[in-house]
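Keeping the supplied structure of chain A fixed, place chains B, C and D upon it in accordance with the hints.
So you can see what is in the structure, the chains are spelled out below.
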Amino acid sequence: MRRQLPFVLVFLSGFFMIFQYFVPHQKSEFVYEFLLDWLTIIGGFAMALGIWSLIRVSYDRIKRQRENWGYSVITLTGLFLMMFFGITNWEDGSFGVYIYTAEGLSNSMFVHFFDFILIPIQATMFSLLAFFIASAAYRAFRARSVIASLLLLAALIVMMRFNPIFGAWIETVANWLMNVPNLAAQRAIVIGLGLGMVATALKIILGIERGYMGQG
Amino acid sequence: MKKTSVIILSGVVILFLVSWLVKGASLSGEENPYLQGFLTTFAAFLTLAVFSFLYRDNPFYKFAEHLFVGASAAYWMTLGFWQTLVKKLIPKLSDGLANFFEVPTEEHSYWYFLPVILGLLLLMRLSKKGGWLSRWPLAFIVGYTAGINFVGYLRSDFVKQVSSTFVPLLIDWQGVGHFFSNFSLAIDGQFVMMLANVVIFVGVLCGLVYFFFSKEHTGLFGTASRVGIWILMITFGASFGYTVMGRISLLVGRLTFLFKDWLGLIS
Amino acid sequence: MSIFDRLMRLDRRWVFLFLTAVCIAGYYVDYSIPIRVTNETRSIYTFIDSLPPGDIVFVAIDYDPSNQAELHPMTYAIMEHAFRKNLKVIFTALSQNGPGMADQAIRDITDSVSLDRTYNGVEFKGREIRNGIDYTFLGYKPYYAIIILSMGQNFRISFPTDYYGTPLDSIPMMRGVLNYDNVACLIDLSGGNITDAWISYGQGRYNFPLALGLTGVMTAQYYPYLNSGQVFGIMGGMLGAAQYERMADNPGLAIDGMRVQLPAHIVIVLFIIIGNIGYFVTRRREQLEGR
Amino acid sequence: MTYLLRVLLTLALLTGTAVFAQGEPPAVDTTLVDTTTVAPPAPVTGLTGKDRDNDHGHAIELTWTPSVDDLENPSGARSVLRYRIMMWKPTEAYRVDTLRQMYDMVRSNYAPIRVYKPLVDSALILIDQGMVDVSALPFEVLLPEGINRTDAPAEMMKYVRKALQDTLAAMTAQVDISKDSVKVFRSNFLAAVESLPEAFNANGPSSGHGAWDSVGAEVPGATFFRHAGSKEEVSPDFLPDYADLYYRVDAATSDPAVYTASDVCGPVQASGQWYNSGRTVVLISVIIFTILTVVFVQQARRGKELYVRPLAGIEAVDDAIGRATEMGKPILYVLGLGAASDIATIASFTILSRVAKRVAEYQTQLIVPTYDPIVMTVAQEVVKSSYLDAGRPDDYNEDIVYFVTQSQFAYVAAVNGVMLRQLPATNVYMGKFYAESLILAETGALAGSIQIAGTDEIAQIPFFVVACDYTLIGEELYAASAYLGGEPVLLGSLKAQDYAKALFVVCAVAGFLTLILADATGAHWLAQFKQWFMVAD
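Protein chains in written order, with the working numbering: chain A, 1 to 216; chain B, 1 to 267; chain C, 1 to 291; chain D, 1 to 537.
I should point out that these hints are in silico values taken from the structure, not numbers from a laboratory. Here the structure is a predicted model, which is why all the values come from computation and not from measurement. Idealized CB from N, CA, C, for every residue including glycine. Careful, some of the hints might be misleading.
To be verified - Not the full set, but computed from the structure, chain C residues with beta-carbon under 7 Å of chain B: (1) CYS23; (2) TYR119; (3) ILE171; (4) GLN261; (5) ALA264.
As the list claims (entries may be wrong) - Within a straight-line C-alpha distance of at most 25 Å, the following computed BS3-like cross-link-like pairs (lysine-lysine) qualify: (6) B:LYS88 to D:LYS231; (7) B:LYS215 to D:LYS384; (8) D:LYS304 to B:LYS87; (9) B:LYS88 to D:LYS183; (10) D:LYS183 to B:LYS92; (11) A:LYS27 to D:LYS231; (12) A:LYS27 to B:LYS88; (13) B:LYS62 to A:LYS63; (14) D:LYS329 to D:LYS384; (15) D:LYS231 to B:LYS92.
Chain A extracted, bound-state conformation (with noise of 0.2 Å):
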């Protein structure tokens, strides 16, 4: 009984949207508007989990002295000043609770930690990637085989487009390149990727694939 109701929940959740799918009728988008406000919701909760975790590794880290536990006192040490300035109004000096506005939440600490912590380094390991997108293909691009050639070939036929070196008909093969092959390569694997999900989606509702429910 414990195990079998939520695949039924689950039939019957997919079941409808399906049925949805096929009815245009106000009604049924009420429905299906109202059920995606649940899923916000429900998000808003799991939220809470999540930080739960993050907090007991973190202090386990600290309370057992591992290896690197230091840091760990620098996590959570963002982590509730964040929180601190997110849910109060700095501003009048009052820490009552804060006071959410048009313009989103305008605590100028939070909004300093905001700019001048999360964006530079979010940044910046976005950055990285200029890097390892540089090492990946020294790395990666031999010509061992006739395939790993193809990839070799297209790439740098592709990076060189606009190389004055060579004429102007690299541009034009490189952009073919990313008009013809790409587009019926992407069409094979959306195809099949689709069949993919549309299967397991499938698996899901009739209960067959269980797996995300720890074995069922």
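For chains B, C and D alone, coordinates are given in the frame of chain A:
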């Protein structure tokens, strides 16, 4: 070893302080110059700390990483709290709470107690006994999206692709004579355009053959599958090469921050 | 370990170091990057360059901040060129966030044209660019297809006033300027569907010279219009913008960008080649030894 | 920071004058425009309207024959530059618009007013107590020139006092913005919306009780307009269902004063449908696919052997676990950035359960950092039951699967840290990945781990292919999940997928041939084949 660490650390601290003071002094005239100077210097320090990871893992990277993890988790939690729970849910349930949080009241809908119950059931995971109850909200979420995905992908990734694979082989066909007398290799010529359609058509079919799982890839089938993987590889190579430009721009963005906003070396 | 083994197993930190060095150098070293000017960009430049002072160029700024990196340099290059040649410019912005883009460009170029500069060996004195005399910014209106169409009759149908609220008839440069017939050419800078509307509703019906500035990914699909003569020039992405800047002898955002991009790409390609040389030589040696 | 300016802006809104003014565009000064009087053009003819098919209601489709003087018609006067689509709105509908605007305004201003009113109140008390320093007020006061004088602070304060009193008076007198008034405005508005269909039905254009309103415009040559209203009552373009609507199309010229109206068409009613016939082809596919899947799953259940071609990535998974055990190093399993309900993530859960089971058997260490709290919950459940299946429930602990953060790059930073500090023998990336794919895979390669990846994000496959040892391309991820799930039943669906692909190939070849035949023979009906596969949005 210990000694070098201390030297490096104190070096960084001194550089940080110098940068802070210099930056603060250069910003005099603006509001809170030394706060601004500190923030910019700190952002630059974090940027360099992340870049130092390219050399090897080190305490500065660890510092940035852990700070980032903690602060970003709190950021998303705060945002989720205000935007979903407070803004979406509370006005539907209680005027008193809505007033408390200063959000506009809305018409009550007691249906919204259900997601609250499901959300609370999800939190039952934390209890040893009631853990199994957390499967209920999960079942709802998974079933709901599986239903959407089932029809959604069948339509967009299958049915729709059928019609878009219908491309004409012959373009502007005015007879064989005309074709050969006007033969050209120009990118917008008849031959190249027709070739493109053929390549797309054959490419899609061979690509699909590669994705057949229940048949051995031998003989003609094997050849088609091999052509399929070739086309896939050409595509992957080309996409990889095409992305390089955008990624370099990201790096340039960070370098601009360091050299312009922080050091002021570029005007 | 032979040199070739080393080439094959180079520590990737060398790659990182070279890439950083090249990017910073691209910024600092003032080298001129050879940029191959394609015909489709050249024709836009020569068209504008050949216009007599006083002629009007219509620039449609139809992009959002998300396409700024590629299209903003084009706007800057064309505006600078036009104002230096004493041409007048009419702007519209038919995408929702376009007015912000146009506003920024107008402010920046007004500042830049006030300075003395030399382009292609010709000295240009700085001058003041005045709203209403040197340029008019018509602003944004929804339903771009209808706007484009109605402007073919009279600009005043869709834009009785300019962006700043001045009636078009009290703007000096708009005296007697009724519709597309009174502008020398129209340049559409866009990252989306509006280009199609300019081609079919604008050029297709009113037959004015039209040139396009597009994002890199869009470019290929508009070449047919070039061949059919509906469009007299196309600038594609950051590359196209760099070509215009090169011809105008006015290196700006795009050439700066390409100055970094080109060596960075070359460094990556060189590393790939080095790795492959190492790979082939070692494999050959192993084959020989194996025999 | 609270600015008086904002209070005053709110005030301007509250006085209500701006609200009721209709947003007419400024009239064109025709004296300077070259408008030699345009003759009124011929009207639009044959105007018909009908409910849009396959929708939730709230939309009407109009078709007509263009005016003879259409710009597109070379034989006419070519003076029609556009068509204005007009709808008859009874007086009640205009009242609903006003009520909607008021409700909107009250609702959006409620929160700020609650904050500002006490501030203004307290400022007035301070001023009455004789305070003369403007800068001491809890908000910035923008004073007009001539008033802003430090030499006469008392004069200045008088002005400030007056301004604040006016503001307060307007706040309380014009529209009482309070919790209750929001409710009152809402119920008034909703009641008026409720009675809209009646009003439309009772007052057609012939009654004269109402006026024509423009609902859109079309270019010359157009013969069709879709008046798609919103189904939300609070939206300004709300269009009621089951109400008699009347339309008219004006042929407009360059002179705004010169246009010709068509005959009125109506009444038409919008209504919602219960079946979307434009999606029949999807319904057929759903049925075929379900039957195929059920049939092959049944076959598998009955014990029929199903052949599945070997996938390099799948075999690598088992080898990699063995390798990790030998080296005594952990295995890192990354579920990607997907939500628990994403199909790729669900496929990844199935693969995780297999990996976790092996890991438990070999007593190797497993690390699963997660990005989404719900994914973490599910992954914990999956790993726990795998350990149970492997007969080692005691080896399971809650720290195997943990949450990091819901920020893309912070998550990457943390996983990078794990890779370089714990040096896992194998990294498995299965699920949804975005730009971070290459950062992860390159850092893993740096740490010397064997890497196996699988994702359904097409844009990221190239990076995994380049940087990982084994990559499951697209659909192979789902195949791997079915294969590693351990139950033969799951393989049945692979067979169904292959049949669907074969069906696709057949349709595509047929389509290709029909197009060639249609071209060669000129038979138009052959080209129609494509239409069968068109799906309504």
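How the hints compare with the structure:
no. : hint                 : result
1   : CYS23                : holds, 6 Å
2   : TYR119               : violated, 21 Å
3   : ILE171               : violated, 35 Å
4   : GLN261               : holds, 6 Å
5   : ALA264               : holds, 5 Å
6   : B:LYS88 to D:LYS231  : holds, 20 Å
7   : B:LYS215 to D:LYS384 : violated, 36 Å
8   : D:LYS304 to B:LYS87  : violated, 55 Å
9   : B:LYS88 to D:LYS183  : holds, 18 Å
10  : D:LYS183 to B:LYS92  : holds, 13 Å
11  : A:LYS27 to D:LYS231  : holds, 11 Å
12  : A:LYS27 to B:LYS88   : holds, 21 Å
13  : B:LYS62 to A:LYS63   : holds, 19 Å
14  : D:LYS329 to D:LYS384 : holds, 20 Å
15  : D:LYS231 to B:LYS92  : holds, 20 Å
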